[in-house]
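**Q** The task is simple: from the sequences and hints, build the whole structure.
Protein chains in written order, with this note's numbering: chain A, 1 to 43; chain B, 1 to 149; chain C, 1 to 238.
Take the hints with a grain of salt, since some may be wrong.
[Claimed, not checked] Simulated pairs of lysine-lysine, BS3-like, Cα-Cα distance not exceeding 30 Å:
id : chain 1 : residue 1 : chain 2 : residue 2
1  : B       : K61       : C       : K182
2  : B       : K61       : B       : K51
3  : C       : K182      : B       : K51
Hints listed in this document are in silico derivations from the structure and should not be mistaken for laboratory results.
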Amino acid sequence: MPHAPFIIASYVIAGVGLTWLVISSYISMRRAEASAAELKDRP
Amino acid sequence: MKPKHQRLLLAIIAVAALVGAGLIAASALREEASYFYTPTTLVAANVEPGKAIRLGGMVQKGSIVRGGDGVSITFTVRDQRRSQKVAYRGITPDLFGEGSGVVADGRLGPDRVFVADSLLAKHDENYVPRELADIDMSAAAKTKDTLVP
Amino acid sequence: MHRFANPARFLRIARPLTPALFWLGLILTLAACIWGLFFTPTERLMGDTVKIIFVHVPAAWLGMGGWTGIAIASIVQLVWRHPLAGVSARAIAVPGATFAAICLITGSIWGRPTWGTWWVWDGRLTSMLVLFFLYLGYIALSNASSNKGDTSRVAAVFGIIGAINIPIINRSVIWWESQHQKASITLGGSSIDSAYLVPLFVAVAGFSLLFGALVLMRMRAALAEMRIEARMRRMAES
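**A** Right under this line is the structure:
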């Protein structure tokens, strides 16, 4: 049984999972902090 | 007692009760939650022939005999104390070999030979590079695995 | 205990710490993956599939470590009423669940060429799957409370009770005969050759730092949303 497809699939899945976590967490943080700052400046 | 201390005490009691309950449940599951019988527990459990069970152990060195048809194979599975003869027809997994771990699905025949429908390989917890494997088999032999003879 | 209770003080530390953890974690993770993929020797039995260990083990460690974190934060929340405890427990949940899922999927992929099967219902695999479902339950429970930042006490209690599964996962291969091999790294030492062990530690360190950065990001998002909600409430009242 060739091993390369299994190894590549594992790393791709870990990479996709990590990338999704980083992007979604970063976007939600930036969005929330930006709107909190904007709201603060409003009288 | 301050409310904070009351809550702390309550939390400690709750966690202790939880751990206790978990340990009791786990020890009660000791036999039932095992994934396979070893040759020793197979004898102890007095399993009747024909009942579908799983058997695990180490393939005894020098016990593999391949049939003339290319798909039949017999070998002996060992744990620390007993051994069990296994017959199988089919393609063996890549990791299957003498001295490697194996988990077999099947049933005991009337002649006490275990007839396997499927074989899975079982890897032990030692990770050794291939070039070191020959000079460092001592490391592999030091497995904590209870199956090693 | 309450030194970091003040969210403003927490944010002063968290703001510079987030990018520091993230970049260091990313560098270590990438280095470990390149090391593991291209510069580790073939294993005596499983061959090249041993390289999957560098994503499988860190993911398992963080899946279990994440729930341990949720349980500790939940105790702190219930006993000391620390305002950041609930926020941090909730911030761990989604990354923890994702790592548990990565552990299960990469383990399944690893099982096919080595064991000869994608999945078996032995003690280790089953208890790890239970952990993933516990995460889903926790996420659903903590999202059910209307207040964005605050974590409900029901979720905290669930976080503590669910922690019973962590020692079960850890001990499953010792208590019960299982398809999964026994622990390679214990307090007494390791049965992994240093050719794999060193990059594995780098991978665990890298994944853990990334996990820290992710939790900080999600905590900062939750704290900002709490500020927005408080502001909205005041605006509605006036």
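**Q** Does each hint fit the structure? Answer for all of them.
**A** Status of the hints after comparison with the structure:
1. At roughly 22 Å between alpha-carbon atoms, K61 of chain B and K182 of chain C fall within 30 Å of each other, so this suggested pair holds.
2. Distance check on the hinted pair: K61 of chain B and K51 of chain B sit about 28 Å apart at the alpha-carbon level, within 30 Å; holds.
3. Restraint check for K182 of chain C and K51 of chain B: the C-alpha separation of about 28 Å stays at or below 30 Å, so the hint holds.
Figure legend: structure checked against the earlier numbered hints; every hint is met.
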